[in-house]
Amino acid sequence: MGFNVLIVDDSVTVRAVIVKTLSVAEVPVNEVFQAANGKEALDILANSWVDLVFADINMPVMTGIELVDRMAADGLLQTIPVVIVSTEGSKTRIEDLKGKGVSAYIRKPFTPELLKQVVDMVMGSQDE
Amino acid sequence: MNEEMTETLNRIVCDVFERMAFMFGEIVEKASLPSLQRTGYLAKMGFEGPICGSVSMAVAQSMCPVIAANVLGMDEDDEFVTEKSLDALKEMLNVICGQIVTSLAGDEPVFDLSVPQVVDIGADEWKSLMDQEESLAFIVDDEPVLFHLTLESR
Chain A
1 MGFNVLIVDD SVTVRAVIVK TLSVAEVPVN EVFQAANGKE ALDILANSWV
51 DLVFADINMP VMTGIELVDR MAADGLLQTI PVVIVSTEGS KTRIEDLKGK
101 GVSAYIRKPF TPELLKQVVD MVMGSQDE
Chain B
1 MNEEMTETLN RIVCDVFERM AFMFGEIVEK ASLPSLQRTG YLAKMGFEGP
51 ICGSVSMAVA QSMCPVIAAN VLGMDEDDEF VTEKSLDALK EMLNVICGQI
101 VTSLAGDEPV FDLSVPQVVD IGADEWKSLM DQEESLAFIV DDEPVLFHLT
151 LESR
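Residue numbers (our numbering), protein chains in the order written: chain A, 1 to 128; chain B, 1 to 154.
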């Protein structure tokens with residue numbers, strides 16, 4: 001049984017790379033949802049069961065930070081692990097996001113091995 | 001641009017091309033860079049934080065599908081690659097920009113990065129970019145690339 005994954009990034013290239021990387025890393029995935037910004041992601045989360053969210057920070061319409069804030073304020077959505085995948089490397093921002101409940105942070109560019117390692121870390125206990 | 005900054009940008013641009021697209025580049029003298037054949041693309045984005053500025057990267061139009069195909073691990077003539085080649089160029093610049101701001105200011109400060117934009121350019125705009133003193137010339141997998149970092153005084 002695989003995970004339902006939601007990938008949130010305004011770059012369709014990045015979304016495609018994450019989908020491919022999940023496959024290469026042999027992460028068990030059931031269904032992949034895609035959103036180009038936080039607002040689209042919230043719409044998907046309102047209507048679909050999602051086990052894990054990968055989200056960028058800088059996106060038009062609604063940023064990844066706003067998405068994390070909105071999820072944290074929702075009793076059900078706050079239980080879904082969020083992994084930020086971003087070009088940014090600010091420790092201050094990473095710590096701030098972790099304080100808001102973000103499970104992990106992956107900096108672009110990333111390898112399939114790192115993605116697998118993070119998914120194992122975040123979902124490991126839930127997969128058992 | 002001083003030698004240390006040039007070397008930093010050289011390392012970052014070449015490293016990102018290599019890690020994201022498995023393409024190999026090197027910085028070259030501008031005089032040795034071939035002129036633009038037909039049209040090209042200029043990708044540009046800004047950053048704001050303790051240091052503000054922008055980065056831009058110009059490539060030949062023919063290079064975009066190559067970048068996209070390599071990033072996506074697909075064939076150049078795949079319809080998805082053709083449609084999304086500009087998106088791949090934007091993402092390449094986005095990653096380069098993220099690496100540059102960390103290199104300039106360290107890993108503590110928070111930066112806001114703008115969404116990358118791409119415009120078409122012709123031979124005249126290419127030459128104008130080449131003529132800018134601060135622009136750097138690269139050859140990436142035999143294709144010319146121009147890169148420019150602008151830092152704003154606050």
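Just so you know, these hints were derived from the structure itself, not from any lab.
You may find that some hints are simply not true.
Each computed BS3-like pair below joins lysine-lysine, with the alpha-carbon atoms no more than 27 Å apart [said to hold, decoys possible]: (1) K127(B) / K30(B); (2) K30(B) / K44(B); (3) K127(B) / K91(A); (4) K91(A) / K116(A); (5) K116(A) / K100(A); (6) K44(B) / K39(A).
Okay, the calculated beta carbon distance ranges per label pair [what the hints assert, rightly or not]: (7) D142(B) / G101(A): 45 to 51 Å; (8) K116(A) / D112(B): 53 to 59 Å; (9) E31(A) / S35(B): 46 to 52 Å.
Beta carbons: idealized from backbone N, C-alpha and C, even for Gly.
For each hint, the structure was consulted:
1. For the proposed pair K127(B) and K30(B), the alpha carbon gap of about 10 Å is at most 27 Å, so the pair holds.
2. This hinted pair checks out: K30(B) and K44(B) have alpha carbons roughly 20 Å apart, not beyond 27 Å.
3. Taking the CA atoms of K127(B) and K91(A), the gap is near 39 Å; set against the 27 Å cutoff, the hint is violated.
4. Under the criterion of a C-alpha separation no larger than 27 Å, the hint pairing K91(A) with K116(A) is consistent with the structure, at around 22 Å.
5. Our distance criterion of 27 Å between C-alpha atoms is met by K116(A) and K100(A), whose separation comes to about 23 Å.
6. About 25 Å separates the Cα atoms of K44(B) and K39(A), which keeps this hinted pair within 27 Å; it holds.
7. The beta-carbon spacing between D142(B) and G101(A), approximately 47 Å, falls within the hinted interval of 45 to 51 Å.
8. Under the hint 53 to 59 Å, the C-beta atoms of K116(A) and D112(B), about 31 Å apart, miss the expected range.
9. The supplied range of 46 to 52 Å is met by E31(A) and S35(B), whose beta-carbon atoms lie about 49 Å from each other.
Going down the numbered hints, you'll see the structure goes against 3, 8, while the others check out.
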